[in-house]
Structure formats: C-alpha cells, structure tokens
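Asker: Order-wise, the sequence lines are chains W and L.
Under the numbering used here, read the first sequence as residues 2 to 424, first letter to last.
Under the numbering used here, read the second sequence as residues 137 to 427, first letter to last.
These aren't lab readings, by the way, just hints derived from the structure by calculation.
Mixed in with the good hints, there may be bad ones.
Here are some, though not all, of the chain L residues that point toward chain W, as calculated from beta-carbon distances under 8 angstroms [stated by the list, open to error]:
no., residue
1, 174
2, 178
3, 180
4, 183
5, 237
6, 265
7, 372
8, 373
9, 374
10, 375
11, 390
12, 393
13, 395
In silico contact screen, one side only, chain L against chain W (beta carbon under 10 angstroms); selected entries [to be verified]:
no., residue
14, 177
15, 201
16, 281
17, 284
18, 286
19, 287
20, 289
21, 389
22, 391
23, 394
This structure is a prediction, so every number in the text was calculated from the model and none was measured.
Idealized CB from N, CA, C, for every residue including glycine.
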Amino acid sequence: MKKSRVRILSIVCCVFLVSVMLTACGNGKKEEGFGKKEEQKEIVVMVPPWAEPSSELLKEFTEKTGIKVIINIVGWDDIRNKVSIAAAGETAPADVIEVDWSWVGEFGAADWFEPIEMPEEEIEGMPTVKSFMYNDQIVALPYANDFRLAYYNTEHFEQAGVTEAPKTWDEVYEACKKIKDQGISNYPIAMTLSATEASTTSLFWMTLSKYGDIFNDDFTLKKENVLGALEFVNKMVNDDKLIDPASENMKDVEVYGKLTAGATSFMIGPTYYIGLINNPDESQIVGKASAMLVPGNGDIKTATFALPEGIGVSKYSENKEAAKEFVNWYTSPEIQIKMYKEKGNIPTRTKALQQLIESGDIVGGEVLIEQSEYIASPFPGGIPQWYSEMSNTIYNSVNQMVQGAMTPEQACENIEKKVAELK
Amino acid sequence: MKKRKNTPPYIMLAPSVVLMCGLVFYPILVTFTYSLQQMKLTEPQNDKIVGFKNYQMILADSNFWYSFLNSIIILVGVVILTVVIGIAFAMLLNVNTKIKGVLTAAAIIPWALPPIVNGVMWRWIFHPSYGFLNRLLLRCELIEEPVQWLSNRFSVILIVALVVAWRNIPFCAIVLLSALQGIPSHIYESAAIDGSSTGQMFRKITLPLLMPSLGIVVTSTSINAINVFDEIVSLSGYGDVSKTLMMDAYLRTFNFLDYGAGSAITYIIMIFAGILGLLYIRNLYREVNYL
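Chain W with its partners taken away, still in its complex shape (with noise of 0.2 angstroms):
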C-alpha cells in the first residue's frame, strides 16, 4: 500500500514537472513578446536612461492615445545584445527599442527592425534621420542630436594670454602647450582613448578636422591621414602630455567630466555639453567655458559627423502599431523640446532646435547650428554592416598605441588591414 502510494506520488510529481518544462519550451507562439494583445493598448520601450520620459509626459501619451507605456531603463551598451540575443529567437525585448547610430548597419542588415513611413517634407526637417536609413528604408526615428562640438575653459585659454579662440588645430596645440607650461593646467586637452567606442569616434573626428576623409570611395582606409591623426594624437599623448595618460583607461564620460571640473582646458565632446557646461548643478566652470567650431586645419574650416540616437519598432514586436505611433509622437517637435528641458537631449527635428534657440534656452546656440552645416557622414555608402568588428580593432589600435605597444605605422597597418578583411 505503501509503495504504491510512494509510486503514485512519484509519478504526479514526474507529470508535474515535464508538463511544467513543456510549456516553458513550448512554442508559445501566443504569449511570444510581451503577450500584449492589440487590443490592450500596453508596449514595453526599452531605452537608456537618459531617454527616459518623465511620467507626465507617458500620462499625457496615455491619456491622448489610450496607449500604456511601461518604461524599461537598460543600460546603453547592454541594449544591442538584448536586441541582438532575442532576435536570434525571434523575439522582441521590448516594442519600441533604442537604435544607437552606429547599430544601424547591423540591424538593418539582419532585418530586425520595421522600417518607418516618413514624408519627404518632414525627412528635409529631421536631418539626422538619414543616419539611419538602411537600403532607403528608416530603421529608426532620431530623438537625440548629437554631433561633436569644441568645448574650452576660456579662463585658461585667457591666463595663457590667448584671448580669441582658437580656429585650428595647430592654433588649439600651441594654446594648450602654452597652458601646460605656465602651470594652469597639467593635462589640457581631454580625450577619450580607453579601449571603448568612444576612441574611434576620437579618431574619426581628428581625422577628418585636421586632415580630410577617412575612407576612399571604395571603403579602403585614406592611410595618409589616418595615420597623420594617429602621430598627432601619439605626440599630444607621449611626446608633449598634453592628455592625460590615464584617459587610456578611463570611459568618455570620466574624461568629459575632466572639463567641466576644470581640470583641463579644452575638449571635442558631445552636444549636450553646451547646456551642461553653464548648469552649476553640473559644472565648476560656469561662465568660464565656452563651445566654439571644431578646429579645422586652414584649407578645412571645420567638421564633425553625427552620432545621433533613435528609438525604433521590433519587427517581432505584436504591437506593431501601438509602438509606431509612440515613436512618432517621442520623435515630435512638441515632446523633443520638453525632453530637452527634462534630459538635455538635443532636438532632432529643425523646427523644435530653432524654437528653442530663439527662445534662449539653448545658449551658444548658434555655434551648434554653424556646426550642424558641416555634418558629413564619415562612411562611403553609409554605415557598413560590420562596423562593430571594425571600431573594435580602432579602438583597440588607438588604445594601444597610446600605451607604447604599437607604433602609430602598426596602428595605421593594423586598422587598415581590419578595413580590407571586412569589406
């Protein structure tokens, strides 16, 4: 009586579990994504922190569409590979997810995402959007507008007896030597050169300010100024020290921070320095920093290149429509303007950009502006589909030659020979 009950048991629990394991492996075509119904009106966004709306603002979404926004903060390098773990199942991690400029090529590669319907008219008012388009098709809708922008500490530069600002790199490097020798500053330029994405977007914009184009028409590497970027940095890094030797190890926000606590006196860095620079919540510098053009080299005024970031609709998402219309109305000019009031994100689309500048919230505005004229994409052909693998190798060339284990010739060869072998 015994065993049999012992038996009996032991068969409910076996039947228990397999059916609880079948399940869980279970097609679940169904539940699959957030089993959110169409009818439910509810999508999970996925984004980093700083995208995040406040909760007035998804009430006033909720309230005008019937829509319900759950919120999924993630870290901002964590997100590709969620989306990229879950696209291998044919899954969404959430409806609406943040594309990051430099994922464009990949996604749309791998066809991940729902390509949006977008006017010609309003393409002409959101510039950045062309950043990522994949075979004509929009991946994503930019929300923030970034593109890199010169910072300095004008005190510093005026101590040193430099009192206009400087237009081009020589003039920024005789400035800074200036600075060091008199003892105003130890490290005067800050620049990320740590083994992180960062480092290549370093390179990319010295290259391409102080010696034109990166690439050829064909994809292959221009060496000669590659290479004259590469020796520069190699010079202001271990020749003059005029960076600080521990930004080799230090992430981009660390080496920004290096500014606006004054202890370094000029930086190339992201948009939304021009309103962190004045904020006293933010900045020991306040009123003393000023952003100006990108140093040019004499025949070339300045430039810069974008690295905007956009939130898009998962091609496995089941609310496909629900996510669009909330990408449509976070990417408006109305909410661009009160996400640049509540995070600082600088607006995408022209109209809300002017707005706020003629309503004097974004002061130095108009340097932003002149130095949007001089946006170029640094890629023939746009971002290419294996781009991760290629800022892999820059950024881990620029780090270590930085360090002494490479040359600026073995660092130039070895992202050259990446650049041949992917395309």
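Knowing the structure of chain W, use the given hints to seat chain L on it.
Answerer: Then chain L, alone, in the frame of chain W:
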C-alpha cells in the same frame, strides 16, 4: 518481480534527468551544432554548415592564443593565491579564540559579493586618476605621478588574478577549515611524542589530509578563473590588452554577432575546463598517505 522493485528509483530520478536534459545537455548540443555552422546574424543569407572550419579558424588566430595565455596567467595566479592564502586563513581561523566566530563571518564577505560589484570596488582602488592606491602612494611620496595600473597587459592581468582570488579565498578557507577540524588530534599528539616539528606535522599530516578538500577548492577556483568576465570588464573594459578566452567568446558572439565562431570558442573553453577538471580529479583524489 525484480523489475518492479527497480522502477521507483528510476521514476524518482526522472525529474532531474529531464531537467538536466533540458537545461544542460540540450543547450550543449545546440551550441555544438551552431559551432559547425557559418552563422552570422547580420548575414542570415550566408548561413551554412562548414564542419570544423570555425575551430580551425580560431586555433589559427593569434588573437585566440593571446587570450589563451591571458587566461592561463589568470588561472595560475588565482589558484596559487587562493590556495596559499586560503590555507593560511583556514589555519588562522582554526585557532580557538573568542573572536573566531566574528572572524569567520567577516572572512565570508568577499565571497558573498557579486563579481561585478567586486570588480567596480577594485577599480576604485586601481583607478588611474583618482584611485585609492595612487592617492596613498602619492601621499606617502612613494611615487611622483599616478601609476597606470590598468594599462599594461601583465599588470592588469595580475590585478584581475588578485581580484578573483580575493573573492575565492573565503570559500577555500571555509572548506579547508572544516577539513582541518576533521583531522583527529591524536595524530598530532602521536607525532609530537615522536619528536616531529610543527613544519614536519604540517607537511606530513595536515597537507596530505587536506588534499581531498583541496581538490574541491582547486577545481572550483579554476573554473571561476577560466570563466572570469565581470571583474575584467569592470576593471579594464572590453579592450584587447586584458582579453581572456571568455571575453573572446562574448565579443565574437554578442558584439560581432558571429554565433558560429562564438559557439566554437565556447566549446574550446568547455573542453579546456573539462580536461583541467579531469586532471585535478585524477591527481588529487588519490589515496591519502599521511604517515
């Protein structure tokens, strides 16, 4: 009749067998099938079976051997530090004092820390600009400029070994402490009567009797050292300088979205860890001879 008697044990084992099949063997099998394919998520049109080409490509890649060497240095460093310091701590905790309980509880803290927290904490110690160690050395006037601890390949690798060892030492100490407490005191008393010195007692009695426990410690520590990831990322990011096998697998799979090559390198790591485990078991679980 015999058959009926044997049925219940199999039924009782079935749930764990099903769980193991679903959660361990099935993923291992799927990963193996991936490793035999050209499978890049950004090029789905090029997916095809390529046999062992991914393995050949990885083994011929100098970057793999660079990562392999880094992993080996970390492994050796972690095992040596963990075992030596772990034994020392276990012997210290084995001494009967009033604060023994507090010391044991305090010693467990590093083990309880999540690896990522451990890494971030040590990054603040070795931070190139405002790290605690540089501040201390500057204040003591032992250095003039901050030392770039995390820029040089071997210094960063040794720091990683130290950080991982720091997390593993408590486990090692606790396991060895329980083994030490299980050694009968009359063995030491007999040895003392025979005129053995403390050193001789340690070498001839304590160490041989600790061998089975050391087997567990070394196996677990080695697996932790091979799988180290969070601490490296926290300390020095995803750079090539401190790249290990695990990071190589992660970058190939999730950064370059090359699931074929990523799965192949994961398999190589698994085989490597398996061989290590086998060697330890063969050498450390032999009959103990302590006299």
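Asker: Now look at each hint and say whether the structure bears it out.
Answerer: Evaluation of the provided hints:
Here the hint on residue 174 of chain L is broken, as its CB sits about 15 angstroms from the closest CB of chain W, past 8 angstroms. Checking residue 178 of chain L against chain W by beta carbon gives a least distance of about 4 angstroms; that is within 8 angstroms, so the hint holds. For residue 180 of chain L, the suggested interface contact is upheld, since its CB lies about 7 angstroms from the closest CB of chain W, less than 8 angstroms. Taking 8 angstroms as the C-beta contact cut-off toward chain W, the hint placing residue 183 of chain L at the interface is violated, the least distance being around 12 angstroms.
Below 8 angstroms, beta-carbon pairs count as interface contacts, and residue 237 of chain L has none with chain W, the closest being about 40 angstroms; its hint is therefore violated. Given the 8 angstroms rule on beta carbons, the hint for residue 265 of chain L holds: about 4 angstroms separates it from the nearest Cβ of chain W. A cut of 8 angstroms between beta carbons decides the hint on residue 372 of chain L: the least distance to chain W is about 6 angstroms, and the hint holds. For residue 373 of chain L, the interface hint holds, the least distance from its beta-carbon to any beta-carbon of chain W being 5 angstroms, beneath 8 angstroms.
At about 6 angstroms, the closest approach between the beta carbon of residue 374 of chain L and any beta carbon in chain W falls short of 8 angstroms, and the interface hint on this residue holds. Of the supplied interface hints, the one on residue 375 of chain L holds, with its beta-carbon coming within about 3 angstroms of a beta-carbon of chain W, less than 8 angstroms. The criterion of a C-beta within 8 angstroms of any C-beta in chain W is met by residue 390 of chain L, whose closest approach is roughly 5 angstroms, and the hint holds. The beta carbon of residue 393 of chain L is positioned within 8 angstroms of a beta carbon in chain W (closest approach about 5 angstroms), and the interface hint is therefore held.
Residue-level restraint check for residue 395 of chain L holds (minimum Cβ-Cβ distance to chain W is 7 angstroms; threshold 8 angstroms). With its C-beta approaching chain W no nearer than about 5 angstroms, residue 177 of chain L sits inside the 10 angstroms limit, and its interface hint holds. Hint status for residue 201 of chain L relative to chain W: violated, with the closest Cβ pair at about 16 angstroms, above 10 angstroms. The beta carbon of residue 281 of chain L is positioned within 10 angstroms of a beta carbon in chain W (closest approach about 8 angstroms), and the interface hint is therefore held.
Proximity of residue 284 of chain L to chain W holds as hinted, the smallest CB-CB distance being about 6 angstroms (cut-off 10 angstroms). Hint status for residue 286 of chain L: holds, given a least beta-carbon distance of 4 angstroms to chain W, under 10 angstroms. The interface hint given for residue 287 of chain L holds, since its Cβ lies 5 angstroms from the closest Cβ of chain W, which is under the 10 angstroms cut-off. Hint status for residue 289 of chain L relative to chain W: holds, with the closest Cβ pair at about 8 angstroms, below 10 angstroms.
Interface restraint check: residue 389 of chain L against chain W, minimum CB-CB distance 9 angstroms, threshold 10 angstroms, status holds. Here the hint on residue 391 of chain L is kept, as its CB sits about 5 angstroms from the closest CB of chain W, short of 10 angstroms. Evaluation of the residue 394 of chain L hint against chain W yields a held restraint, the C-beta minimum of about 9 angstroms falling below 10 angstroms.
Going down the numbered hints, you'll see the structure goes against 1, 4, 5, 15, while the others check out.
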